[in-house]
Structure formats: structure tokens, C-alpha cells
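Chemist: For reference, the chains in residue letters:
Protein chains: 4
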Amino acid sequence: MQHSDILSRFGLTSSGAGLTARSPVDGATLATVAETAPSQVSDIVANAARAFEAWRSVPAPRRGELVRLLGEELRAAKEDLGRLVSLEAGKIYQEGLGEVQEMIDICDFAVGLSRQLYGLTIASERPGHSMRETWHPAGPCLVISAFNFPVAVWSWNAALALVCGDPVVWKPSEKTPLTAAACQVIFDRAVARFGDAPANLSQIVQGGREVGEALVAHPGFPIVSATGSTRMGREVSKVVAERFGRSILELGGNNAMIVAPSADLDMALRAILFSAVGTCGQRCTTLRRLIVHRSVKDQLLPRLKAAYASVSIGSPLESGVLMGPLVDADAFKAMQRALDSAKAEGGTVTGGERTLADRFPNAYYVTPAIVEMPAQTEVVRHETFAPILYVLTYDTLDEAIALQNAVPQGLSSCIFSTDVRETERFLSAAGSDCGIANVNIGPSGAEIGGAFGGEKETGGGRESGSDSWKAYMRRQTATVNYSSALPLAQGIKFEIMG
Amino acid sequence: MQHSDILSRFGLTSSGAGLTARSPVDGATLATVAETAPSQVSDIVANAARAFEAWRSVPAPRRGELVRLLGEELRAAKEDLGRLVSLEAGKIYQEGLGEVQEMIDICDFAVGLSRQLYGLTIASERPGHSMRETWHPAGPCLVISAFNFPVAVWSWNAALALVCGDPVVWKPSEKTPLTAAACQVIFDRAVARFGDAPANLSQIVQGGREVGEALVAHPGFPIVSATGSTRMGREVSKVVAERFGRSILELGGNNAMIVAPSADLDMALRAILFSAVGTCGQRCTTLRRLIVHRSVKDQLLPRLKAAYASVSIGSPLESGVLMGPLVDADAFKAMQRALDSAKAEGGTVTGGERTLADRFPNAYYVTPAIVEMPAQTEVVRHETFAPILYVLTYDTLDEAIALQNAVPQGLSSCIFSTDVRETERFLSAAGSDCGIANVNIGPSGAEIGGAFGGEKETGGGRESGSDSWKAYMRRQTATVNYSSALPLAQGIKFEIMG
Amino acid sequence: MQHSDILSRFGLTSSGAGLTARSPVDGATLATVAETAPSQVSDIVANAARAFEAWRSVPAPRRGELVRLLGEELRAAKEDLGRLVSLEAGKIYQEGLGEVQEMIDICDFAVGLSRQLYGLTIASERPGHSMRETWHPAGPCLVISAFNFPVAVWSWNAALALVCGDPVVWKPSEKTPLTAAACQVIFDRAVARFGDAPANLSQIVQGGREVGEALVAHPGFPIVSATGSTRMGREVSKVVAERFGRSILELGGNNAMIVAPSADLDMALRAILFSAVGTCGQRCTTLRRLIVHRSVKDQLLPRLKAAYASVSIGSPLESGVLMGPLVDADAFKAMQRALDSAKAEGGTVTGGERTLADRFPNAYYVTPAIVEMPAQTEVVRHETFAPILYVLTYDTLDEAIALQNAVPQGLSSCIFSTDVRETERFLSAAGSDCGIANVNIGPSGAEIGGAFGGEKETGGGRESGSDSWKAYMRRQTATVNYSSALPLAQGIKFEIMG
Amino acid sequence: MQHSDILSRFGLTSSGAGLTARSPVDGATLATVAETAPSQVSDIVANAARAFEAWRSVPAPRRGELVRLLGEELRAAKEDLGRLVSLEAGKIYQEGLGEVQEMIDICDFAVGLSRQLYGLTIASERPGHSMRETWHPAGPCLVISAFNFPVAVWSWNAALALVCGDPVVWKPSEKTPLTAAACQVIFDRAVARFGDAPANLSQIVQGGREVGEALVAHPGFPIVSATGSTRMGREVSKVVAERFGRSILELGGNNAMIVAPSADLDMALRAILFSAVGTCGQRCTTLRRLIVHRSVKDQLLPRLKAAYASVSIGSPLESGVLMGPLVDADAFKAMQRALDSAKAEGGTVTGGERTLADRFPNAYYVTPAIVEMPAQTEVVRHETFAPILYVLTYDTLDEAIALQNAVPQGLSSCIFSTDVRETERFLSAAGSDCGIANVNIGPSGAEIGGAFGGEKETGGGRESGSDSWKAYMRRQTATVNYSSALPLAQGIKFEIMG
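Chains as they are written, first to last, in my numbering: chain A, 1 to 498; chain B, 1 to 498; chain C, 1 to 498; chain D, 1 to 498.
Note that these hints are calculated values from the structure, not bench results. Any given hint might turn out to be false.
[Unchecked claim] Okay, the calculated beta carbon distance ranges per label pair:
(1) A:E345 / B:A485: 35 to 41 Å
(2) B:A485 / D:Q299: 28 to 34 Å
(3) C:P219 / D:Q40: 37 to 43 Å
(4) C:D398 / B:D330: 50 to 56 Å
(5) A:R75 / B:A485: 25 to 31 Å
(6) C:S484 / B:G195: 22 to 28 Å
(7) C:S484 / A:P408: 28 to 34 Å
(8) C:Q299 / B:K343: 49 to 55 Å
(9) B:A46 / D:K305: 52 to 58 Å
(10) B:A485 / D:E353: 49 to 55 Å
(11) A:R75 / C:S39: 43 to 49 Å
(12) C:S484 / A:A334: 43 to 49 Å
(13) C:Q299 / B:R337: 54 to 60 Å
Where a beta carbon is used, it is the ideal one built from N, C-alpha and C, also for glycine.
Make the full structure from the sequences, and use the hints.
Modeler: Below is the structure:
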């Protein structure tokens, strides 16, 4: 399929001016996309406010029907959108499809939620009183997403936000404007079938840092969900907190795997491959640190290096390819800088070179890097968005857990072990300090049924399953006195001769 | 009872230097309390970190036992502590007792929680996988409290935090160091009976803004619970957010009551009195705005003024008194400024003068003020911590709800109406935008079983009941693969020839 | 559309022998349906057991996918199935569509559930222990349904049971075998799209009492969901309890509406009509008792009689008709017997005669009956499945609630009042004793998001929303000791010198 | 301490006639206790009904206060009651204390619950509607308990029932009337401190089968909680089901331990001892079947036999004793019959003889029996309430799980294994079919925080933690229409020209 064919499937055409969408596959320009000016922000916010005014009073199960239709449209567009993700973000087509599947899954989940959104009825201490807690729509939700999951992140937020009664404004990465535009097209299809949705339930802001900052600072967004770098997230966190908004932050990860003596090494090997090399090391949940027990390192590492050598690198649109390109030249430079630092800090690097430069002179394909480190040095504690896997060794589980936790980030973690004492300890209060802790699974690839997110510099936000939906709502504690008396809580006596 | 007698019940003596605790009752100095230097903060944080290391692995039901003992000790000390609260904060003894009762209630509640702290087991999409969400202790919790609830706020936080596995560091208001010191004494009694608690589970920092800022900025506190002014809270919110900590903010309220045509005016009258005049208008949930339907204003207002005139003002330690003093001269000045502004903005003021100045020349007793306003002007939208009740009128419920919501704060709200269509509408998504919404109850006096807190400039935090405890813990999403296969979520295919 | 055309839409043909399906519309035979012999029960149970063995280990979200496809197929077949329901059960087409919509709704809901089925993780009192509660599939579920909701009841059970991992065996009413057969056809369409479901996830048993008894008694069904008469339910309850199975009983209702002085009489009138006359008074939630405040009776009753007189009665397949026929001659006789008893017990009857006998000599159309009773006599306390509305008066709310509760059944109830003190009291522990209690809504027409069912002779079962799904699963409380010590709960000391 | 001294601590004296309480310790008569005649049942029920009428409207947190006081009184009486349990039931003093501790724990837990009893608020599909689910008191609760946990079972039920608003009527075992009477004394102490509880919140019925049957059949008990034999429970189940009451059944267990090759055998050994020999094998959770992997049997069995030989048997009141007597001669005979059957079915018996007959001629002390069985024969599938441990071997985990599940009972189960694949499989849908499934813990000694109970012939009831409290309440699904329209669910159209 031609690039332009994919765009035409969504009715997308080049705008002539604005953001330039380039494909990491070959560096070619895909299209230009009209940019939103910061001056348009106030109109966008006003649109969202109007949509909120209407949408919050639409019954939640009816809101769910819109999301159900969105899920149907996503099912219908799965292959097209998967391909466009592959083209614009550079991940392999299988992962593009997986990302769209996640969108579909979260829609199904949100439809179910739309008849729940459970608050509580609560036993009151006062006779003739009833107490309850209800969750109400919170207001427009701003979604900021990154290039590496150019569509799923929006849907995680949008499916829940819409069911919760909140309109969505989405500022996608400047690097992936086309997939965002395609999502809007798909959303509009659902809206058309739905019939009577208020206008502007979903709006897209295409642009860069300046317009992003204007959005983040605007009090019209009580909810800001931001996915991206810790640097960006820190700024969002501060600005939103100062105006008493609520942030849902999904920032950096520095995810580790502990490989214990009892591990099934075949499984560990496969898990490492998928999570360290998949998406060219550019997932927030990419495996970046391998903490191997000394006794198994010599079995594992040679096999791992052999597997790395066998990874087929190439255009992510071609079948059989497991690893596509880095997103751009900057990513390549950052990777090289990290490898240089690693060497300077005592590391031994295998791989990590540019490849396929002949075929794709304007794209950045690399071989994945394994870096054996003498200790968890500075570069290891830093998240570099590239396929670099640092290897450390340990002797006791305590030591392994301490290494795992001794980084500023707290997203995902895992242990490969068949010893239940080890695995449960890893999952305990004294174990991994991450938001996600897996056993005999790599750090990547969470199911949408669980809450997704992490601690520390990862930002503390949670999206997707469990009660993550509460972040999109406001909580109301209500007590109704249906008696003719007015008792005070805590048995306080306060009597007047009125 | 002599002032010094109360202090001696807790073994408190004057330190000679440091913070001066004065009684709002008569302006007299009660004692001086040693101040914590900012340089001591790092030691305090290190103590808390050590306590956390041990406490997080103590089983939660055992942690609950400490809180149960704390509840027993609070029961034993209820009258003493209630009296000290009255003396140091100036609220009437009945309210002092009520505040201690809240401490007891939250301890009972937290003991029950200690065998719950429920996470979820979740259906996994992959065969041979089990998924669960567990809540783990989050780390040391910093509590910043205000003078008006000098002991309850600490206990709401401490009871939950301790059960959740988090040590507590408490910086009470500079105006109420003695009640804080007494709480520490009571806590130590519980610890002594408990036996093997780690040292420093609860620490107190006595001091002012400088040491407070040092605490708030410290990364050793992943949780900061701050109660007080919006100005203070905004700063805390920003600083903590920037370092990716979590804030629990309980800031300003500007709480309103809507009195509908169908209201039971006798009940409304009593509720207004308690919530507007109680604690001399210095509760975060004090009633500040009365939004009366035009048709009942003329029935209600004269009766209200008569009731105001009959309120017995005086030393809060004396029985029969319903209204004690403002906390200090600054509070008095702020009140006068607000009344001046109100007049300038068209208001008609009844009451609000200083009284009992002869008997208490160094204390600030006032008559409570009723201010009839032509509109919800600037001064009305501002929280003044004093017994000023602004009166507004309305014609339609929509208008009343709009008035209720058109202030920056979002803590508590209520409606007096017997019409279920009105009351449910008030509680709906299109109703009150506050965290607390009551029907036929004033805005004050929440039960501990519900979540307490509010939206907008109130800061969004929730304490006490419902699932407020989650704010003191970190969430872990864990998936255990107990099969021998390694399926990927979303059905992704990623196969190597390892 | 011809009757046979509808059957052909589902590929249904007459079997030549077996159960005879007759249409209440005109008494005509629609088809004969092959009957299941009691001797076939053991094979059916064995099939279900095999299906269970496989299905319980299919991940719940994948099980949800089957139910999602079932929902899609139901959407596609909505009009056909709605028409067939109308034809075979005699309810008007609009209600037939509504019933199918409920099937669709429960499928959507169950899909969401399939990623939840939440158990709990629980704080353990022992160090190095983790505790959790997990819900596992319980085993084959037997569904017994009645003629009046010939398809929805199956779907409420089947959608949840299938997601919960339980195969379903369905014995529909002998009076509605065709709609059941059509559901199986629709289910098979979903299975075909699903791909790899085990055989016999859903089986139908067509037949009467004998085969029903054989099924109920069989230990192969740990779960029996039975909807129908109290007489039938009592027998099921006893037999299943004796073999330690679990019953979900949805039996008789004797549903009342209290009309208070403050009621919106226009709304009350419309609600009475729909719930007393709809489905020709043959819903389990049909309004059977009207408890009117003495002060409004004279306003309401004449209007009600006028409305009754204007109800268009006729073939339920014709548009504009609001009330179709009774299901058969027995129903007609039972109605007449009840009206005779009512007269004998002092009642004044309006309506209740046979009508349209000329046009439909073999069908039983009646005018709906209003019966003013001097007291809640025996006939009033009995459920007669026909459009008879007994009218009682009351003076105080206490009296009205006492009347409401003084019947053996406990399904649905409602109050029409705009007074929040009355409505909340009605919903309180001292209010209605029914499983369903509505305010300003008739007793019929529950949403699927709430738990549906009732107390006392209604049987205590709950289906549909909230945590009704737990009835289809077994609960496992698990504690994992991952330490190397073996502490006992409750601190028991028990030491050996092993 | 003299026997009579213990009785006097509770003010208990011999009644002269009635039930004879004998001590299993030495067979001596402790006292006679007045028996309740079946003719008194109606008065007792009427008392309970009156108590319910008042208690259900007492706010739940206030009801919790009574349970808190009960907990305090139990703490104060712990040693006395523990000793009396030991004396009357024959279990060792340490276990008597443990049983009282469980009573205390459940009181603490119930106090917390008293501010929860959470229902749900639920998103409604209709505009202007709010939906919620509330749990209301269900009515008087009948508790039937067995001799082996003569006090804890009552408290599990009573603490929850009382907090849930239900009065309790208790029929203890005829073998343990004194401990029951002591509990009533303790309860009365709490009531006296509480102040204004209605009379008869707790009543005791002392007597045998006849009065028990009269109670069970009475419709005045919507809730019947019965602990004891499967034979008794089957009868209760049937009778209560037929009258549409709700049973909470805690019946027989036939609890197994799987010992896997990777098990920590030291821990397994200790766990076997405590759970097979403790309470002289007369717990419902006693370990009765040991399913050992063939590869470890020869390591484990000799050590187990040695440990059995070293168990100190004697008066349970003496310190150092681990195993007291069987409850009476019937228990001894049943044990001997079982051992005879086991031999006849191919078993090899070690131990199981009477001992200490010289010292205690009227009591029944036995040595604990280990019976190596060639297969899981009939006697093994039967619960014999005595210290008999059947030993079976297995080769694959599938086989072990199949053995574990192939008995009619489904209470408790466990695996000793350090392999997470085995342990999680044991806990999965395809694993243990019991209500309780432990890993590296014996089958006995559940914490009160989890739900306690089991499947199949164990009866399906759950008590204690999690949401077991719901069994003591009735669920109300309420929808409030606060709009002026009357939309129907499922979008049904039903319009009249009223």
C-alpha cells in the first residue's frame, strides 16, 4: 500500500503548511498538518466548556453508547490505523495492530463502566440520615501524548473521560499528527452514528510546546493527562498543581528485570527480547536494566547476545521484521551519547551501531545494544529512549530489589523466578517500588484491566483499568437528613433558644 | 481548672524559649514551646525513613492495634484534651470534646481498615496468568495543620497513615503548639502499651513558615497533607508536584446554604446558627453564604437576626457560651476589613463589632455579622475566617445553584428543601460543585465515614472515610504468569528464533 | 409479516411432534417443537460438564468476547426477535423490542465485567503473608424461565454465567419454546464467529415439569436460576438446598405504589398505566396494589378509570395497541376467580371483562380491572397474573408502608411523592421491604445496572447488575506464606520439638 | 484454678436441672443448665422481632459502639473465657485463648464495618434519575454452633449481625452450654455500658435437637447461620430454603495438604502437626488428608511419625500439653470405627489408641493416628471428627489436585510448594475447589479478615471478613426520578392520552 493510500483511507490530505509529519521508516515527509495557534486556545476551551455543560447531564450509559460505537469504528479501521501507526511512529505493523487493539479493549471496558461509575452508600451515624458518595463529571480533560504510543494513549483517556462525562482536548506529539487526525476521523464516524452528541466532545490541537503550555496553564482543564518525558511532566505537574488542577502523569520509566537462579531462562530470553528491542526500545515500559543472578549470567548472556544478533531489523511495514527505526536523528544522537557515557562509566557495549543507512539514508536504524555494567552508574539511572539494555549482576534477592528500586523512575518491573518466596517478596511492601510489578512476564505489555502507571519520577498517574476512571470525575459526599431533627455529628451539643 | 493544671495533665511544661502559645480566650501566654530548627529537618526525615523501613513490613492489622490503643488513650484523655483545645484554639468546650470524639472515631474506623486495605484481584486476558492490585505503604507522611482544628486534622491523617504503614511528621500551627504536644504525649502512651513499635513513628515539628517550607520541599515525604489557607496550599501544591510527591490539600471553603421555599425554617435556622457562628466562624466548613429564596427571606431573616442577638458570647470554657473569641488580633482586623469592603460593595451589615473588650482586653470577641448583599460581589467570593454571613436572594433553583458554584472554593454546600426534585438536583452532576453537599444539614460537621474535602481552590484532597486511605499508599498492579508460555497482551505476535 | 416468515428468519421449522407453541394473539398453533426427554438429562449434564472443564480456563476477557459477539448478533436480530416475542408471548411489539434491548444491554455490561470479576487483596495479620480473595467459575448453570419474559431472563443469566465461566442449560417455559429456539440460533451465530468455543456452552431443554424436576435435582448444576411462580420456586429452593446447590430465585411479586399527597398526579397516572396494564398485567413487576392517600384518591381515581377506558386493546403486533391478550385460558380463569374473590371480600370492580372474543375466539383479551378494596384482604395479598389493580387508601405514611410490606412477596415497590422526607423514609431500613424501591417511577422496568430481585416469597435472588455476577462464581480465600516462618493466626502458640 | 472458680467469674451457678455440662478433660459434671422448652420459642422470636424493630433504626455506627464495648469486655475476660473453653470443650488453653482472640478481632473488624456497610451509587441510563443500592438490616438471625468452637462461631455471627442491625438468637451445642452462658454474661456487661440498647438483642436457647428444629423452621428468622455436621446442615438448608429464608452454612470439611517435591519439609511438618493434631483433630479445618509427592514421602513420613510420637497428650489445662481429649465416648467410638474401616480398605494405621485411661477413666484421650492408604477410599472421603490423618501419594500436580477435589466436602485446602507455577495453579480456577486455599500454611487457622467457609457439602456459607456481612442484610435497589418526565428503561415507548 502506498503511503498516500493510507492517508486517503481517513480522508486526510496535506494542508500545505503547518506541522510536517515525517515517517521514521525512511525519513520522508508524509504530509503537512495545519497547526493550532496559541490564540485559538481560548476558543477551544470555550467549545469544551459548552460540550461539558451538555454532556455531563447525558446519562452515563448513553455516553457509553458513544464509546461503544467508537469501539466498533476502531474495529472497522483496525488495519488501516495500525498501518498508519507503523508508518508514522515507526513501530512494526504487529505492534501497530496491538496498539489499536488496546484502543478497542479500552472502549469495551469503558462501555461496561458506563453503567457502574460506582460510588458508595455509607452507614450514617445519625438517625434519619442517609449518606452517599457519588462521582460526577469533572470537566474538560486535556490529553498530551507522545509519539511512541500515538493513538492508544488518547483512547485510554478519551474512552474513560467520555464515559465519565468529560470532553477531551488532545494535543498529540508534534511527531505524529497524522495518526491523531485519523483518530478524530474515526471518532467523528462514531459521533455521526450516535446522533445527538454535543459538538466538540473531542478536539485536537496540533502543535508544539508553545500551544501545549497555553493549554496546560488554562484553568478550563480541571484534568490534565500528560504522557511523555519526566522533564515535560515536571513542568505540567507544577503548573497544573499551582492552579489546583489534577494531573494524570505517565512519564519516564527505567524498567528492570531480575533474573533469579530458578528462572525459566527460555522464557526470560523471549521476554527480554520483546521488551528491550520491541518498538526499538522506545516504549515507556521498555526493559532497560537486566539484573541477573551471578549464577545464571553466563548461561543467559551468550544466548541473549545471539538472539540480539538474530533480530531482523528493517522497515516496520515489512512482515518478518521485529525491529524498526528510531524515531529521528535526535533519538539516535541521544542513544550514542548514552553509549559513550556507559563506556566512560566502565561499561562494555555490544551493538548499538547505526545500520541500513544505505537503504534508508534519512532514517535511523540501529542494532540493539547490550551494555554490561560494573555498577548501576549514572547513565543507568537515566532513561534513554533507545534499545540499550544495561546488564548488572546480583547475589542476593535483597540486593537485586535494592538495585531495582535505586533509580528515580518507578514505572514497571519484573522478576523471572519460579520460587514463590522470591516472587511474593518481590510483590510485597518491601519489594519493587514500581506501579507495575510482573512475575515471569517482561515489563511491557500491560492489560487494560489493570491500572497503568508508576511512582516517583514516573509521575504517580494511573490510567486504564481498576478505578483509574475516578481521576476523571469529582467526588461528592452527600448526607441527606430526612428526619425532623438536627443532630450534630460527633454528638456535639449546640443549642439555641431560637 | 487552672490553665497550668491542664498542661500538667500531659506533663507539659514551658520550655523557656521558642514558640509562645497564647490563649485566644484572654490573650494570656500559656507556655513557650521549643522550636524545631530547619537544620533539624534532615534528621527528622532520616528518623522517619528508618521508621518506615520497619513499619511497612509490620502486618497492617498489627499496625491497627497501635491505632486501637491510640483510640483508647484518646478516650481516656478526652476531657483533658477537649479542654486544652478550647483553651488554646478558643472554641467552646463542647466543640473541643467533639473534636476529640472525631479523633476517637477515626481511630475506630482505621482499626477496621487495618484488616482491609483492599486491592483487587482482576480477571486476566491471558491463560495461566493471575492479576491483582495491591496497596503498599507509600512512605513518610508530612501533616501540616491549622489552628482551628488543632488536633483532629492530625488524627485523621495519622490514624490512616499509620495503619497504611506510613510514619507521620506533624507540623501543627504555630498558634497551637500545646495541643500538638499533648497529642504526642497521648501517642507515646499508646506506643508504650503497644510494645515493639519502631522509634519515631510520629514526630512533631514546632515552628513557623521557614521550617514548614523545608519540610514541604523535602523528597523524604512522598505524601504531604496540608490543611490551611489557599495561599499556603497553592505553594505546597506547586512545590510537592514539582518533586512528584502527592499532596492532600484541605484549603479554603466558602460554604453556602440554599434555603428553598419548601424548607423547614426552624431547622434551617438552627443549622445556620451552628454553622455560621460555631467556632466563631473559623471552621473551614463555616457557613459563609446564605442563598435564600425571595419568598422566604422575610420570614427567615428577622428570626435569624433575633437568634444572632441571643447568642451567648464569652469564654469558651464557660458552660452556656456558644461563641468564643477570634483567634487573634489579625483575625479581628481581617474581619473588619471584610465588613468594610462589604459595605463598599453595597452590603448592609448587622453585628460584627468587638465585644467583651473590657473583660478581655487582650482577646478578640465579636458579635456575629449578618451582611445582606445586593449581589455576589468580590468580598463574598473571598473566604474571611470570621463569623460573617453574607445573605443573597434567588428566584429559581438554577440561579441558586449558579450562585453557589460561582466562587473559587469548593468545599461544602447544602440545601434546605423538602422537595426531592430540588434536593436530588442539588446533588446531581448539574448541582453543587463542592466536595460536600448536604440536604437539610448545615455545611459543617461531617461524619468521619465519608470522604472529607473539596474541589477547586479547596485543593481536591480527601481525608477520613470512604477510600481516602488510598492517598497514603502506593498502588501496585501485578501480573503473575504461572504458565510455561509467554503470550503477549492485545494478542501481539513477536516471535524470535532464540 | 406472516408468522411463518418470522420463524424462517431463525431457520426454525415445525418438528412434527413435541411441544405445541401457540400464539396468545389468536390462539393459533405456531409450530411444534421437539421435546427433551428426561432420559436425555444425563447427557446434557455431561455435555455441560465437559464444556465447563474447558471454558473455566479460558481467560474471562476472552469469554467476554463471545458475549460481545452475542450482543452484536442480538442487535442484528433485534426486530425479528422482538416480533417473535410479541407473537409467542403476546406482549406488544414495543415491549418485545424493549426486552431484546435488555438482552443487548446485559451483554454490553457483561463484556465490561469480563475484565473485572474483582476479588480482593486483603491485609494479612502475619508477616510474610499475602491474602487474597478470587472468584472462580462455579460450574454449569441451569436457567428456568417463564413465558412472560421469554428471552430476557435467559440473557441476564447467560451473559453473566458465560463471562463467569459457567456453561448454561436453559429450560424455557413450555409456552414459549420458539423464542428460546431463536435465542439458541442467535447464540450459535456468535459462537461461529468466536471460533474456538467448547461445544455445548449453551443447551436448551424443551419440555415440561418432569424434565424440569430432573434437571433441578441433578447435582451437575451447582447453580440454578429459576424465574416463575412462588409454588415452583419453593420446590426448586428446597431441592437445590438439600443438595447444597445455590438457587437464584426470581418469583412472585405483589408490587405496590404509594401515592402521597405531594405526588405529581400526572406522572403517577402514566406510571400506573404502564406498570399495571403493560404486558397485560403479566410482569413479575406489574403494579398490583395502589395505596393512595385519602386526600388525593378522589382526584386520581376518576382520571385513572378514564385512562383505563381509553387503553387500546388488541393484537400486540399492531401499532397503537397498548395492551395485548392474556397468555391463555387458564390465565383468564384465574383472573375471573380473583375478581370474584375480591367482590366477596368487599371490593368494587371496574373492568376485568373479556373483550374482542368475536375477533379472537381462541384468545383471551380482557379489559384491565380496577378494584377498590375496603382493606388488604386475602385476595390482595395473593399474586394473580393478570391486569387487576387493587386500590387501598391510607392516612399516614407509616400506615402506607405497613400496608406495602404486609404481603408475602417482596419484589418491587414505589412511592410517588415530592417530599424528600417521605421518599427517603420509604427507602430506609424502616421503609419498603422489597428488593426494588423506586421514587416517582412505577415498579416495572428496572435498568440492568442495578441488582434485580426481591425478598420474602420473591425468593431472595439477584440478577443483572451490581455484584449479582458473584452468584455465578465460587469464592476462594487464599493466603500465601512466603516467609520461612509459620506464625499462626490469632497469635496462637503451638510448638513441637519436631 | 478450681472449675467452680471459673464459673463464678461469670456468675454462673448450676441450675439444678436441665442440660448437663461435662468436661471432656475428666468427664466430670461441671454444672447443669436450664433448658429452653420448644414452647418458649414463640416468645423468643417475638422478643427478637421487637428488638429488631428498634435496633434496625439505630444508626449503624452506634450499633458498632455496642460491639466495640463487647470487644472491650472480651479483652477483659479473655483469660477466664479461654480457660472455660478449655475446660468445657477440651481444647488446650492456648487454643482457648486463640479462640477468644478471634472474638476480639471480629469485634474490632465489625466496629470498622459499622461506618461502611457500603452499597453503591450507580450510573442510571435515564436523565434526571439517580440509582443506588443500599443494604438494610434483614431481621433476627439464628445462630447454631457446635462444641468445637463453642464461643468464636457465635461472635463471628453476632458481631456482624449486630452491626448490621439484626438481633441474634443463639442455640449453642448441648455439649457446651456454659461457655455460651458466659458469653451472654459478657454481652450483658457491654449492653449495660452501652446504655440504651433494646432488650433481647442477644438471646440464648439451651437445648437439643427438638428446640433446634423449632427454631430453624420458624419464619421469624430470615437468617439462619448453622455450624456443624453435614447431616444437620442438610436438614437446616432444606427447611430454611423451603420457607425462603437464607442459610449461612459452615459444615463438614475434609481438608487436605499437598506436599510437593519443592516443599520446605520442616515447615510442612510443623503445619501438619498443628492442623492434624490440634484440638484433637476436632476442628472443621483439621487436616485429614495428606497428599504427598512420591519423591518426598520417604523423607517426610518417618519424621512425621516421630513428631506424632513426641506430642504431649494430657489435660488441656496443663501447660506444655499440645493435645487434649476427644469430646466424649461417641467421638472415640466413631474414631475407632473409622480406623477399622481404613484397615479394611487397605490402610496401615499408626497410633489411634486410647491413652491416659488410668488417670482419666471417664475421658477419652487418644494418640493421633497416621493412616497410609493405598487409595482415596470411602473412609477417606468421609469426615471423621478425630485426629486421623490419611496419607496418599501422587506423581503429578494434576493428580494431586484431582485427589484433593474428589471428596464431597469443600472447606479448606493447602499446598506446600515453593514453585510459583504450582502454587498459582493450585489457586486457579482449575485448582483447589475449596473455599479456603492456602500456600505454605496448613488448612487451619484462618484470619478473620478473609471470608471463611467452603463449597459443596461444606454448605457454601461465608462468615467473618470480606463482604460476608452482606449475608446479614437485605439489598435494596432504588431509583429516584427527580425529573418531571417519566422515561422508561430500555427506551420503551408506552404513551397514553391520559
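Chemist: Just to be sure I understand the hint, the distance between the Cβ atoms of S484 (chain C) and P408 (chain A) should be within 28 to 34 Å; is that true here?
Modeler: 33 Å, holds
Chemist: Confirm or reject the claim that S484 (chain C) and A334 (chain A) have a C-beta distance inside 43 to 49 Å.
Modeler: 45 Å, holds
Chemist: Take a look at whether the Cβ-Cβ distance between R75 (chain A) and S39 (chain C) falls inside 43 to 49 Å.
Modeler: The hinted range 43 to 49 Å holds for R75 (chain A) and S39 (chain C), with Cβ atoms some 45 Å apart.
Chemist: If you check the beta carbons of R75 (chain A) and A485 (chain B), does the distance land in 25 to 31 Å?
Modeler: Check passed, 26 Å falls within 25 to 31 Å.
Chemist: Is it true that P219 (chain C) and Q40 (chain D) lie within 37 to 43 Å of each other by Cβ?
Modeler: At roughly 38 Å between Cβ atoms, Q40 (chain D) and P219 (chain C) fall inside 37 to 43 Å, so the hint holds.
Chemist: Looking only at beta-carbon atoms, does the pair E345 (chain A), A485 (chain B) fall within the given range of 35 to 41 Å?
Modeler: Holds, since E345 (chain A) and A485 (chain B) (Cβ atoms, about 38 Å apart) stay within the stated range.
Chemist: Q299 (chain C) and K343 (chain B), beta-carbon distance inside 49 to 55 Å?
Modeler: 52 Å, holds
Chemist: Should the hint that A485 (chain B) and Q299 (chain D) are 28 to 34 Å apart at their CB atoms be regarded as holding?
Modeler: 32 Å, holds
Chemist: Taking the CB of A485 (chain B) and the CB of E353 (chain D), does the distance hold inside 49 to 55 Å?
Modeler: Once the Cβ atoms are compared, 52 Å apart, the range 49 to 55 Å for E353 (chain D) and A485 (chain B) holds.
Chemist: Against the range 22 to 28 Å, how does the distance between the Cβ atoms of S484 (chain C) and G195 (chain B) compare: consistent or not?
Modeler: For G195 (chain B) against S484 (chain C), whose Cβ atoms are near 24 Å apart, the range 22 to 28 Å holds.
Chemist: Indicate whether the distance between the beta carbons of A46 (chain B) and K305 (chain D) respects the range 52 to 58 Å.
Modeler: 54 Å, holds
Chemist: Between Q299 (chain C) and R337 (chain B), does the beta-carbon spacing fit 54 to 60 Å?
Modeler: Taking Cβ atoms as reference, Q299 (chain C) and R337 (chain B) lie about 58 Å apart, which means the hint holds.
Against the hints set out earlier in the document, no violation occurs for any number.
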